[in-house]
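There are 2 protein chains.
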Amino acid sequence: MEAFSKIVIIGLGLIGSSIAHAARRGKLAKEIAGFDISADVRARAAKIGFCDTVPDDIAAAVKGARLVILCTPVGAYKSVATAIAPHLAKGAILSDVGSVKGAVVRDVGPLVPPGVHFIPAHPIAGTEFSGPEAGFASLFDGRWTILTPLPGADAGAVARLRGFWECLGSQVDEMESGHHDLVLAITSHLPHLIAYNIVGTAHDLEAVTQGEVIKYSASGFRDFTRIAASDPTMWRDVFLNNRDAVLEVLGRFNEDLARLQQAVRDGDGDVLFDTFSRTRAIRKAIIEIGQESPAPNFGRDQKKP
Amino acid sequence: MEAFSKIVIIGLGLIGSSIAHAARRGKLAKEIAGFDISADVRARAAKIGFCDTVPDDIAAAVKGARLVILCTPVGAYKSVATAIAPHLAKGAILSDVGSVKGAVVRDVGPLVPPGVHFIPAHPIAGTEFSGPEAGFASLFDGRWTILTPLPGADAGAVARLRGFWECLGSQVDEMESGHHDLVLAITSHLPHLIAYNIVGTAHDLEAVTQGEVIKYSASGFRDFTRIAASDPTMWRDVFLNNRDAVLEVLGRFNEDLARLQQAVRDGDGDVLFDTFSRTRAIRKAIIEIGQESPAPNFGRDQKKP
Chain A
202 MEAFSKIVII GLGLIGSSIA HAARRGKLAK EIAGFDISAD VRARAAKIGF
252 CDTVPDDIAA AVKGARLVIL CTPVGAYKSV ATAIAPHLAK GAILSDVGSV
302 KGAVVRDVGP LVPPGVHFIP AHPIAGTEFS GPEAGFASLF DGRWTILTPL
352 PGADAGAVAR LRGFWECLGS QVDEMESGHH DLVLAITSHL PHLIAYNIVG
402 TAHDLEAVTQ GEVIKYSASG FRDFTRIAAS DPTMWRDVFL NNRDAVLEVL
452 GRFNEDLARL QQAVRDGDGD VLFDTFSRTR AIRKAIIEIG QESPAPNFGR
502 DQKKP
Chain B
202 MEAFSKIVII GLGLIGSSIA HAARRGKLAK EIAGFDISAD VRARAAKIGF
252 CDTVPDDIAA AVKGARLVIL CTPVGAYKSV ATAIAPHLAK GAILSDVGSV
302 KGAVVRDVGP LVPPGVHFIP AHPIAGTEFS GPEAGFASLF DGRWTILTPL
352 PGADAGAVAR LRGFWECLGS QVDEMESGHH DLVLAITSHL PHLIAYNIVG
402 TAHDLEAVTQ GEVIKYSASG FRDFTRIAAS DPTMWRDVFL NNRDAVLEVL
452 GRFNEDLARL QQAVRDGDGD VLFDTFSRTR AIRKAIIEIG QESPAPNFGR
502 DQKKP
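Protein chains in written order, with this note's numbering: chain A, 202 to 506; chain B, 202 to 506.
With the rest of the complex left out, here is chain A:
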């Protein structure tokens, strides 16, 4: 891939800083500029040094950029797009990393100046940590990035963005934004909502102390606490911006859970056994395609003899 003369990352958290690290690793840009609305985050990012420049002014940051990537929470996109639109160069690519795509098309699309290629994207990668210190170059290695180009998008620009993500280490898919939002509602948004909810329920029980929950968490609960430790602002914005798809899969989840609840109440061992049996194949497939470690407990801390 030919390097971009300048790329700009707006929002210097886990994903933004990881893009900068990985772009530098791959020599994908002659210049990497970074911007964050927080002066504190800008100062920390400048100190770490994953960007060549971290201007205080968003207009200065995007000036002359050939690729601009929005890495803020989705709720900030409209104001960011409004601020940068007058300064985007003709032929530049404007992209993002948001976990929802329909709302991004709706909010940002109308603000994109003619001649700028707007191509929404979503790297399916992350950790439970946030902030500029959390980023690292290998975050996207072997993960998937989904591009959701609009109908009529410039094929050359889409290919260029695809090549960029491939050089960041990712595999790349393309799909329609609405379908993306439904796929992510079940694979990501619902799991996060459920995890946040169960950690909250445990937090509020009177009969079991928080100390007991923490002490005995290795029995299952701790697996939920990782994703329930993710950035609250980002996740608030996900749920505000993918309402319909989330409510749809949540409705299915509730119906299924009501059936399991009934089986527990009735002591119906066959329903329980059948439900618990058919889920192993999915995990096996996830391990087989390399999206999970087969080590017990994810290889957390235990060793085979």
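FYI, nobody ran anything at the bench for these hints, they're computed from the structure. Hints are supplied without guarantee of correctness; some may be wrong.
The list treats identical chains as one, so a pair stands whether inside a single copy or across any two.
To be verified - Derived lysine to any residue pairs resembling SDA-like cross-links, with alpha carbons at most 25 Å apart:
(1) Lys485 - Gly412
(2) Lys485 - Val317
(3) Lys485 - Glu329
(4) Lys416 - Cys368
(5) Lys416 - Thr328
(6) Lys416 - Gly452
(7) Lys485 - Pro497
(8) Lys485 - Ala247
(9) Lys279 - Asp467
(10) Lys248 - Ser478
(11) Lys416 - Arg444
(12) Lys231 - Val359
(13) Lys416 - Pro497
(14) Lys485 - Ala496
(15) Lys416 - Ala496
(16) Lys485 - Thr402
Got chain A sorted already, so can you dock chain B onto it with the hints?
The following block gives chain B in isolation, referenced to the frame of chain A:
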């Protein structure tokens, strides 16, 4: 700890085989006998060799044992206890590893002959793998084991069982069986029910293919698939035998989820943000007490630069 002259493990799956490995590592028994109702499992266990003997007859297995540990699914306890009761030596300790304790006291308690010390136990440890090949000596290292001795239990026998578990590598707590069942309902049983349920929901969606769920699972879903890959028979028996506590915490979970669902529907960002903010502290505490790895993604497969 003075070694037992003979211990017997009944049920040679993940936990039973791990106890044998760890007991041998710690030289905690002069003889370790193992029994499993499955001839195939007995043959595999004998081949691996973590027991000194694997008799075909359960009465022969328990003969002369000073410590007998039930490691079968909880639903099999009553028939196992009936089979071994006439062969238990006076002064022997009868214990178990079941994830529920009230039902064990109810089912096994009346079958224990006078002079045998019945002390239920539950090691909070496991992996998503099952069978005699899954066991390893360090499974209990640093984990918690809960003893639920009945009122009036022999203090010397309880101390001896506590010492055994400590020598297996575990930390040991004691609590009343009913409280144990409530603590585990929230820390273990509800998380497993929820995980099984969400994997099932994803499995059944028509609009999203199973291939897509698997491919994009790193976005949260895969964290649920590990515990939803646990042994179905064991988990069926857990839910059949801890109904009241599970239904109680599930009721709380449903109430909390209904509130979050309403917040998503209403676009109430404050409720979402507040819920998502207060869960991080619990994870931090779990890491601090050594029950979890602080590495991103549990140190699954990604490295810091």
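To see whether the hints hold, each was checked on the structure:
1. Lys485 - Gly412: Close across copies (12 Å), not inside one copy (34 Å); limit 25 Å.
2. Lys485 - Val317: neither (43 Å within a copy, 44 Å between copies)
3. Lys485 - Glu329: both (24 Å within a copy, 11 Å between copies)
4. Lys416 - Cys368: So Lys416 and Cys368 pass the 25 Å test across copies only (20 Å; inside, 43 Å).
5. Lys416 - Thr328: both (23 Å within a copy, 17 Å between copies)
6. Lys416 - Gly452: Between copies only: 23 Å across, 33 Å inside.
7. Lys485 - Pro497: both (13 Å within a copy, 22 Å between copies)
8. Lys485 - Ala247: neither (43 Å within a copy, 28 Å between copies)
9. Lys279 - Asp467: between (51 Å within a copy, 21 Å between copies)
10. Lys248 - Ser478: Answer is neither; intra-copy 51 Å and inter-copy 27 Å both fail.
11. Lys416 - Arg444: between (35 Å within a copy, 23 Å between copies)
12. Lys231 - Val359: The answer is within: 20 Å in one copy meets 25 Å, while 69 Å across copies does not.
13. Lys416 - Pro497: For Lys416 and Pro497, both the intra-copy (20 Å) and inter-copy (21 Å) Cα distances are at most 25 Å.
14. Lys485 - Ala496: Intra 12 Å, inter 23 Å, cutoff 25 Å: intra and inter.
15. Lys416 - Ala496: Both, since 23 Å and 19 Å are each at most 25 Å.
16. Lys485 - Thr402: Between copies only: 17 Å across, 30 Å inside.
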